Amino acid sequence: MQLGKTKVVALLAVAAIVASACGGSTATPTAAAPGATTVTTPPPVTATETPAPAVNGTLPPTDTTVYPRAETLYTSGKQWGAPSTWNPFDGNMAMGVVGLQYETLFLYDPIKDAYTPWLASGGSWDSAKTTYTINVRQGVKWSDGTDMTAADVAFSLNIYKNAALGSNFFTIVDKVVASGNNVVITFKGTPAYQEFASALYNDPIVPAAIWTAKNDANILKFTNQGGVGTGPYTYKTAAQDRMVWVKNPSWWATTALSLTVKPTYIVDIVNSSNNAALGELLSGGLDLDNNYLPGIAQIVNGGYGVTTYFATAPYMLGGNTAWLVPNTKKAPLSDPAFRRALAEAINPDNVVVKDYGNIVAKADPTGLLPVWSKYIDTAQVTSLGATFNATKAKADLAAAGYKTGAGGMVTNKDGSAIDLNLEVPDGWSDWMEAENLIAADAAAAGIKIEAKHPAYATVVDDRNGTATAAPTFDLVINNDVQIGNTPWVYYDYIFRQPEIAAGAARNRNYEQYDNPTAWALVQKLDQTPTDDLAAMKTICSQLQKIQLTDEPVIPLWYNGEWSQVNNSVWTNWPSSTTNQIQPATWNGYWQMGAIYMLTNLKPVTHS
Amino acid sequence: MRRYFGRKLFTYLLTFFVAATIDWLIPRFMPGDPVAVLVTKTGVFSPTQAAEMVKYYTNLFGLNQPLPVQYLNFWTSLLHGNLGLSVYGNGTPVFDMIMAAAPYTLALLVPAILLSWWAGNSFGALAARRKWLDNTVLPMGYILTATPYMWLALVLSFTLSFSLRIFPLSGGYGFNLEPTFTWLFFTDLVAHWILPFLSLFLVMFGGWAIGMRNMIIYELESDYSRYLASLGAPQGLIRKYAFRNAMLPQITGLALQLGVIVAGALVTEIVFSYPGLGHLVFAAINNEDYFLLQGIFLFIIIGVLLANFIVDIVYVLVDPRTRVAMRGGTA
Chain V
0 MQLGKTKVVA LLAVAAIVAS ACGGSTATPT AAAPGATTVT TPPPVTATET
50 PAPAVNGTLP PTDTTVYPRA ETLYTSGKQW GAPSTWNPFD GNMAMGVVGL
100 QYETLFLYDP IKDAYTPWLA SGGSWDSAKT TYTINVRQGV KWSDGTDMTA
150 ADVAFSLNIY KNAALGSNFF TIVDKVVASG NNVVITFKGT PAYQEFASAL
200 YNDPIVPAAI WTAKNDANIL KFTNQGGVGT GPYTYKTAAQ DRMVWVKNPS
250 WWATTALSLT VKPTYIVDIV NSSNNAALGE LLSGGLDLDN NYLPGIAQIV
300 NGGYGVTTYF ATAPYMLGGN TAWLVPNTKK APLSDPAFRR ALAEAINPDN
350 VVVKDYGNIV AKADPTGLLP VWSKYIDTAQ VTSLGATFNA TKAKADLAAA
400 GYKTGAGGMV TNKDGSAIDL NLEVPDGWSD WMEAENLIAA DAAAAGIKIE
450 AKHPAYATVV DDRNGTATAA PTFDLVINND VQIGNTPWVY YDYIFRQPEI
500 AAGAARNRNY EQYDNPTAWA LVQKLDQTPT DDLAAMKTIC SQLQKIQLTD
550 EPVIPLWYNG EWSQVNNSVW TNWPSSTTNQ IQPATWNGYW QMGAIYMLTN
600 LKPVTHS
Chain Z
0 MRRYFGRKLF TYLLTFFVAA TIDWLIPRFM PGDPVAVLVT KTGVFSPTQA
50 AEMVKYYTNL FGLNQPLPVQ YLNFWTSLLH GNLGLSVYGN GTPVFDMIMA
100 AAPYTLALLV PAILLSWWAG NSFGALAARR KWLDNTVLPM GYILTATPYM
150 WLALVLSFTL SFSLRIFPLS GGYGFNLEPT FTWLFFTDLV AHWILPFLSL
200 FLVMFGGWAI GMRNMIIYEL ESDYSRYLAS LGAPQGLIRK YAFRNAMLPQ
250 ITGLALQLGV IVAGALVTEI VFSYPGLGHL VFAAINNEDY FLLQGIFLFI
300 IIGVLLANFI VDIVYVLVDP RTRVAMRGGT A
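Residue numbers (numbering that gives the first Met the number 0), protein chains in the order written: chain V, 0 to 606; chain Z, 0 to 330.
Excised from the complex, chain V in its bound form:
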């Protein structure tokens, strides 16, 4: 025990140096040994690594552990956590599982409102429009080399009979039967055409040979890492902070449709802090970023080589509508006249300009997204739509019987004070600023709103209620409906009946608005064939009348389909002028045409 103190200190120091041995000697990274051999046992830092599966005997070229920059596309935006499942039936699947690896029968282009046959070579209704026949494309191969057949397609649709998936496909569909190279679908009663059309371009087609054994109560527990699909990419690797796809050399569309995806590798980076994401985008470490980055307008105009879909405001396509959602079960928000006055009190332009710096656009009073603009009854909007007018808001409140109390603030009809809470999740900086602007606008019209920002989970709790407690919120901001093939989705979200029980499963009609007439119209819309535009417009107009007069939700602005790209390695990105394609990597967007983004990209050649 006669170890001198200095010796101990020295020992500690030595230990420290050894522990950080790498520090001094390797501070200058040099490009060494690019052809180094691949070691099959990964080091401990990557416990989640698994080697890529051999694909049809055609392993990609030699050293595949270093992705050449010129052949690699770096993306970010979809993945909020480590990729954990590649099961295409799990909503939390990794980026690209449906779209890059698994494909759908059709693609749908929201900009052109057109369906493109994909794994189907076509599809048609019979003359009575009660039976739908899918022509299964021939010559499509799974990445394990076997052929995709009509039986696979039928299996992939019949899989929704599995209760664990909770799908409502078989509440509208009666039977799915393979017959030769076709799959015939019969319906229960009048087909829900709109919903069915969504399924055609959203439901993934999987190989029956692999999934039959998985199709039980535990289907969602199957993570399907390195699974077999038909798409242009196959699983390469995944780690805590990334998902890597590698090109499938035998993708069917190359021969069938003369399409080739340009990047050999796609590395999707799990969303990081804003500073890191912006830094990577500006320095060319990231090609496509699908996150909200504040101040992107200045960067686009600043000559950094970063571009967006539109070259000027609003820069981004409209991705979803942000509404102010009132709790219609609580006074005074239960009064349509009050909600109307609230809608008139708020100036969405404030949010557009002061909060977002013009990277979003003000919403139409119907809230229907630009892709659905043809369904907007503009004459009716002009006559009924609420527009910002604080004076009118005050007058309307007085006319509806609301009194003015202390400090010019409006009181309830019984004279009690009105004090509404507006909740947005803490840390959602754009929405936190928006709620302050909304509260200020409302105050100018005499309506007291307190802007609050509790934790996300608290907002969800207050909004959804729990098994034992009704929703307690007054006002929240919501934007759950993304672009898609039909405005039915939008109205189903707002008007859904019967009310879904409070708690975690509640996922629409948060405002708890009861209107059987509106719900009947929503169902009628669902049962209108997608090619009967006139009938769709008529129903939508009726729904808009209800929404414009009753204001069950108050549309504010179109949240952007956030997408900013760096042009230093890849060019020919989607844009309003040359390439009208969805520029997003989120779930559901690949089959809305974003896959063409990959086939249209051009590598930048440096001389």
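Check the hints yourself; a few may be wrong.
[Stated by the list, open to error] Here are the computed lysine-lysine pairs in the DSSO-like style, where the Cα-Cα straight-line distance is at most 27 Å:
1) Z/54 with V/160
2) V/391 with V/329
3) Z/54 with V/220
4) Z/54 with V/213
5) V/328 with V/412
6) V/402 with V/451
7) V/174 with V/187
8) V/160 with V/174
9) V/451 with V/329
[Stated by the list, open to error] Partial pick of chain Z residues on the chain V-facing surface, computed with a CB cut under 10 Å:
10) 32
11) 34
12) 47
13) 54
14) 85
15) 91
16) 153
17) 156
18) 160
19) 172
20) 173
21) 176
22) 184
23) 269
24) 273
25) 286
Hint data in this document are derived by calculation from the structure and do not stem from the laboratory. Bear in mind the structure is a predicted one, so any value in this text is a computation, not a measurement. All C-beta atoms, glycine included, are put in the ideal place defined by N, C-alpha and C.
Keeping the supplied structure of chain V fixed, place chain Z upon it in accordance with the hints.
Then chain Z, alone, in the frame of chain V:
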């Protein structure tokens, strides 16, 4: 000595039990329902699908059990080395997630703590009573130690990574690489490690340097130093004794600082998107992931207790008075 360590061990076990219980309790006092968060984040399902997802996740995570049963389950699983499944990880075992992240955090923390302690103390000791060093190192130390980890991390990231492009901006290793035992991968790993390491190292370095410098001055003023000096002992010898005595509070300080340092590492990792435990903690909080949060804190608790235990042992080695006390004598 056995009694000394026995007593210490008992204290540590008790601390562990209490800490683990609090660790289990805290997330459950957080408002909100993790399953609701998970289902909401997944996007819009049909209502039937959402109901099915809620059922699936509630069963998967055992949240349908009453709280006391959940607490008992916690201990039984824990003793089996099972930390449960992560909500944020969509059902991935928490243990696997921690094991994937921990090497990054340890690779930052261990060298940063030990090196900063060693370098800080050496510089501090050197600086004491040496005017030019005192005038340079000391103010720098004050600035560094008062700097929040996160701020320094942002400054380093902006200057050295973004503007000068010397170091990579984010991640644990290049996004163009897969882990292999190659020189290329190793250098890349180190390049990604340096800035997070530096932001921890520099802040701690400042603290230790100031502490040591002040301790040395105090020791040099004490009676034994003056006595030695009056006997004509060389300055070097006096400083050597002063250093030995000044070292003791610094060792205790190290033990006390561990928790703070861990917290510092957490924010640093977020700035650099470094895929360690800090990153996971952040995600766990955002996703109401009880199990993950609990697991990580448990890991940190064990780590801090273990480090404290090591410090205890070191203390015995370097301070003869403790050894005397253990043998029942008085110093």
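| residue 156 of chain Z as chain V interface residue, shortest Cβ-Cβ below 10 Å | At 7 Å from the nearest chain V Cβ, residue 156 of chain Z passes the 10 Å test, so the hint holds.
| message | Take the shortest C-beta to C-beta distance between residue 54 of chain Z and chain V; is it under 10 Å? | response | holds, 8 Å
| field | 27 Å Cα cutoff - pair residue 402 of chain V, residue 451 of chain V | value | Roughly 26 Å between the alpha carbons, so the hint for residue 402 of chain V and residue 451 of chain V holds.
| message | So if I understand the rule, the pair passes when the alpha-carbon distance is 27 Å or less; does residue 328 of chain V with residue 412 of chain V pass? | response | holds, 16 Å
| field | Restraint status (C-alpha distance of residue 160 of chain V to residue 174 of chain V at most 27 Å) | value | At roughly 10 Å apart (the allowed maximum being 27 Å), residue 174 of chain V and residue 160 of chain V satisfy the hint.
| Given hint residue 329 of chain V paired with residue 391 of chain V - CA-CA distance at most 27 Å | holds, 23 Å
| query | With a cut-off of 10 Å, does the beta carbon of residue 173 of chain Z approach a beta carbon of chain V closely enough for the hint to hold? | reply | holds, 9 Å
| request: Would you check whether residue 91 of chain Z satisfies its interface hint, that is, whether its CB is within less than 10 Å of any CB in chain V? | output: holds, 5 Å
| Any CB of chain V closer than 10 Å to the CB of residue 172 of chain Z? | Status holds, d = 8 Å.
| query | Can the restraint linking residue 54 of chain Z and residue 220 of chain V be considered satisfied, given a maximum Cα separation of 27 Å? | reply | holds, 13 Å
| request: So, residue 160 of chain Z near chain V? Judge it on the closest CB pair being under 10 Å. | output: OK, holds: residue 160 of chain Z within 10 Å of chain V, min 7 Å.
| Given residue 269 of chain Z was flagged as interface, is its beta-carbon under 10 Å from a beta-carbon of chain V? | The hint holds - residue 269 of chain Z has a Cβ within 10 Å of chain V, the shortest such distance being about 6 Å.
Comparing the model with each earlier hint shows no violations; every hint is respected.
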